[in-house]
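J.: Protein sequence lines, in the order shown, are assigned to chains A and B. Each residue of the first sequence is one higher than the one before, counting from 0 in numbering that gives the first Met the number 0. Each residue of the second sequence is one higher than the one before, counting from 0 in numbering that gives the first Met the number 0.
Heads up, a few of these hints could be off.
Where chains are identical, the list cannot tell them apart; a pair therefore holds if satisfied intra-copy or between any two copies.
Said to hold, decoys possible - List time: in silico SDA-like cross-link candidates among lysine to any residue, alpha-carbon distance up to 20 Å:
hint: 1; residue 1: 523; residue 2: 659
hint: 2; residue 1: 345; residue 2: 84
hint: 3; residue 1: 567; residue 2: 532
hint: 4; residue 1: 284; residue 2: 315
hint: 5; residue 1: 283; residue 2: 248
hint: 6; residue 1: 204; residue 2: 257
hint: 7; residue 1: 204; residue 2: 74
hint: 8; residue 1: 523; residue 2: 533
hint: 9; residue 1: 567; residue 2: 509
hint: 10; residue 1: 283; residue 2: 354
hint: 11; residue 1: 284; residue 2: 217
hint: 12; residue 1: 415; residue 2: 346
hint: 13; residue 1: 345; residue 2: 5
hint: 14; residue 1: 345; residue 2: 82
hint: 15; residue 1: 415; residue 2: 82
hint: 16; residue 1: 523; residue 2: 681
hint: 17; residue 1: 345; residue 2: 12
hint: 18; residue 1: 283; residue 2: 580
hint: 19; residue 1: 345; residue 2: 140
hint: 20; residue 1: 523; residue 2: 555
hint: 21; residue 1: 567; residue 2: 490
Think of the hints as simulated: they come from the structure by calculation, not from any bench.
Residues per chain are reported as follows:
2 protein chains.
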Amino acid sequence: MVGASDGNLFSRRAFAQYERIAEQPIAIVNPRSPIVHGVETVARCQDVEGGIDLALMLTPQRFTIASLRDAAEAGASAAAIMSQGWAEEDEDGRVRQAELVAVAEQLGITLLGPNHLGFVNLWDRSAATALGLNLPAEPGAFALVSQSGAVGSSLVGYASRHDVNFSFVVTTGNEAMVSIADVVDYLVDDEHTKAIGVFAETIRKPATFIAAARRAAELGKAIVVLKAGSSELAARTAQAHTGALVGDDRVIDAMLRQEGVIRVRTLEDLVTIGNLCAHTGPLKKSGVAVLSVSGGACDLIADRGQEVGLDLPALSASAYSRLAEVLPPYGHPQNPLDVTGGALAKPEVWRRGIEVMADEQEIGFVGIVTSLPTSGEPQRDMTFQVVGEALRETGLAGAIFPQLDQDQSEYVRQVKAASGIENVLPSVDRFTVAAAALSRWSTWLRERVAPVGAHEADATSARLASLVPGAAVSEYSARGIAIAGNVPLVPASLATDAAEAIAAARDIQGPVVLKICSAEVAHKTELGGVLLDVAGDDAVGAGFEALTERARQAGVNLEGVLVSPFRKGGIELLVGVTRDPDWGLVLAVAFGGALVELLDDSALRLLPVSRAEVLRMLGELRGSRLLSGFRGSDAVDLDQVANAVVAIADTALALGPDLESFEVNPLRVSADAVEGLDVLITVRASS
Amino acid sequence: MVGASDGNLFSRRAFAQYERIAEQPIAIVNPRSPIVHGVETVARCQDVEGGIDLALMLTPQRFTIASLRDAAEAGASAAAIMSQGWAEEDEDGRVRQAELVAVAEQLGITLLGPNHLGFVNLWDRSAATALGLNLPAEPGAFALVSQSGAVGSSLVGYASRHDVNFSFVVTTGNEAMVSIADVVDYLVDDEHTKAIGVFAETIRKPATFIAAARRAAELGKAIVVLKAGSSELAARTAQAHTGALVGDDRVIDAMLRQEGVIRVRTLEDLVTIGNLCAHTGPLKKSGVAVLSVSGGACDLIADRGQEVGLDLPALSASAYSRLAEVLPPYGHPQNPLDVTGGALAKPEVWRRGIEVMADEQEIGFVGIVTSLPTSGEPQRDMTFQVVGEALRETGLAGAIFPQLDQDQSEYVRQVKAASGIENVLPSVDRFTVAAAALSRWSTWLRERVAPVGAHEADATSARLASLVPGAAVSEYSARGIAIAGNVPLVPASLATDAAEAIAAARDIQGPVVLKICSAEVAHKTELGGVLLDVAGDDAVGAGFEALTERARQAGVNLEGVLVSPFRKGGIELLVGVTRDPDWGLVLAVAFGGALVELLDDSALRLLPVSRAEVLRMLGELRGSRLLSGFRGSDAVDLDQVANAVVAIADTALALGPDLESFEVNPLRVSADAVEGLDVLITVRASS
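Put together the whole structure using the sequences plus the hints.
T.: As structure tokens, this is what we get:
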């Protein structure tokens, strides 16, 4: 503990945590006080006999680099830096932080922080942390990573009130060197850690995070993330207090979804769901059953369950009749099941209920609503006893919880331990959200297809890469690239005079669309550069002249005029790939047209994507029923749509690092055809 | 206490509650045990000296009626009936319950229940209840009504963990006679009650409930409702355990919105928001400020705040500079405000923050994020002290809360009492939801227009009423009624032969629409009875013949063919009034077209409605931006749209009790006109 002092609150906390939790030897470094926290100090790290491994730096910001050199001299390979006044402050602070990192790299020291509250490893009993003192000392299966120290302290306080134990708790602060992604990457392979919870304001090192998430999926370990900054206001706020740009929340949301990471909205859910997943692991069957002493709770679970997508399967006929035998005459066998107040006097109803649910084809998890035990109400202890036995005997995963949020008393912990029940959740509401998340994650794991690897260079992509333009590109050139990438497009001819346009239109044998074609015009419509539903030689000829005249007036160099068949009807999708500065190419699929843009109905994924993932995206759109024949529209061939989207995505990837965006809008989808009507490619401004 | 016995859990609880809370004398009636709960019993109510006022009936179901007669003999005017086995059980139970009500009415007894847990009046200290024993005995300003007894018990348990005190707690159970609406109606006028919380599976007696809600609004008392049954599954479940049909949740939701009732989604929010409103009353200014020791909490409040519509005004320039003076260099003045860890050592930052926020034009409520006090951390007590003083001095309403859910310890209650802070909320998340609800309710109260009274019979409505058809009605007749009600419609002529149709079309001077007109056809399109965009004498003549032929083939009697101008462009609204069996006429406004129906974008209100309320409905539609000129569409005259909708609503009301539905679909809305293109009226099948 470098710079420890009795007058410093964080120093006192850090020493107290060390005493509560840690087993490794410690030295206190303070050149001015011979005794700190009751321990004899040394003046420098170099004075510690046998050297040191890790420096917990409580020094004021301005002494940090000197202390770091001293620690390195003493053999330290790591340092956790508590001080503030770095990148979170201002531009000068960012410069100071960069300097700190440079020095650490030169010294071979791994830095945690600055501006954080350290970390603790509960299994190895090492603690270099000023986190809240109620951090549970008993080791567990859930690892917690929090960018914010204050939030981390509150999270461990909540954990202590709900009997949640940790394998690790790590705060990352400014992440000058070690980021959340690095910590998650480490924790995924830790044998004691079965699930990981993350509170993040930003996710740095995308590739590391994604690789770790994939390994976690392989191992059946859940990652639960509360990512702040979904609102613009929060994005601004987060930047103010940690200096971190939060990134595009919609892109990060797509990435989390794609990698099976559970995203939560509240801190309580982060702890509750993470710890539940650590105990249950993935469910074998994703359906959830509920047994409750309160009919009202059944209603609330059904209502909230619908909001959050909880899968509550209806009971089989056999379950119905088996339950009818044990319920009082006013009971009604169903799921959620009101076991009625009678269960207080007759706890065997619980046992039978659990046995019946365990035999159901689709049910893999059961929630039990009951009052938590208090001394002097033995029938509640009995409920725990019977439920614990029934869960053990049937092997069904389950949780028990009261109706409203409640901390776990010492008495509850005793009864729980005696009954062998693992999961006591805070309330009906937390259960509903947690069970839905656990169930959805379990389904995702089962249905998961191996993620698509990095895009491999093959003959096609090599050919595509050679087509990448050095500058802006016309629609005609963009079409050539798309066609080379097997993207289905409406036919088009490039006419350079009226006669060619008329000839092309005659070949089409029906009304046509005329569009100006120029590398200098990305938005043709705004220029009046598109004519729809043009029929007859005269009209086509006149149209050609009108378009070239408009281009002339706008001072635009024209490649020519594109002549395509005019299409009517069908559904229009927008399929676009754009480059996110952090996360690379991002695919968006949305319904076209002003109305749906208004309603903000789109699905995003990072590239590359599999066909299965594209099908999932289409299913996420609120308007997805339109594709399967809603209100008389013809059902479309979803496979064909997915193939077209994958072709667009793969082509974009093949075009290499200079591609800025690749958009097919609209991709017209009907019962008999899927074809892009327009293509737009933009490239990075050449440097 | 009739039928009390030592062996009955509910009897023991009821007696214990009596002893904890009540001051009125009690008699225990049990013909078989001379002593129950340590008290000498009497055999019959009639044996109680001086008679009784109220019978708390713990008797088994089959003895209820005999006991009721005995209680009436003894002078009781009210009875609370705990037993199960009534309407919640089956058809026989419903018959038994009806019989019970008939007997009670004949005896002049008011019934609470059956199948409930009684009630308690904390100010008058009378308790006839078997609710959970942790019901706080100290009287308060918040009244709680729960249809479910088990939920009621859990709610009072939560209240006791969060220092919430009640004026009344009432459970209503099967509501054989006294319903939630009756109880709310009573509580609104209770002087001690400042806000009312309701857990309901069904809301009976709509008129009573609405009248009570309006009186509550007049008095500035909030009503907070958790209504179960928003999901289909819950609707089925609730019916199973209370025998109550939950009603159409969307209609009830519209009614609650219209009457300024705060609807919540969780039991915790019910208690938290109800109690908060009881303490603050309506805010003078609806903006909310946040001061926090944790930057992470600021982000979370911003994110969740956006989801739930929390109004967090940006700071004025003067607030910015005043805050910059007290913050450390790495602080950033904004709302939500991270006061930084420095505030721990320098609590004056809290005071200044509150003073600055109180001076802001739009801010009427402040939330303070800090750890709750524990003994041995005096700086936390100091935070409470300073915040309490600053709130008192500035008169700003405020609440203090930790980051994650936490029960209130005895120590917290002491520090809170000493600091004079009224509102300690459970967590950041509960605060965000509660502050948004309080703020929205306060705005609603300020902007509220006097509710439209019962529709008054005037000359127009008398004339309309005389037009009400006895049976099905053709579009032509429906148009006549709509026009009499000042509903703007597209012009139309009824042609009975081709020559008339041609003449009508010539008058229109443009393409026309031809529609078959028959009282026997509600859905013309399905019959192929509509021809759009018909131009020229020949086409109109042929169209007339084709339509009459289709009607003949379908065996439909035709009044004639309607000839109207063909309209293109504009936005189509659906405006429909239908009759709900419980709540009467309900107005729905939605965007037209398959896509929006798919996305389920509509707003509902009970009739009558004011113009202001209709404008609010239009604003609720997700697509409302379409009306104000989104993406190049012309902005429409919202007042004109609202007038048309009000005319439709008022016409429907004037048509009297036989009207089943009145629909104008589409109501075409463009920059220059608002007109209905089609009208459909249906009436109740004549009895």
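J.: List, from low to high, the hint numbers that the structure doesn't satisfy.
T.: Hints 5, 7, 15, 18, 19 are the ones this structure does not satisfy, whereas the remaining hints hold.
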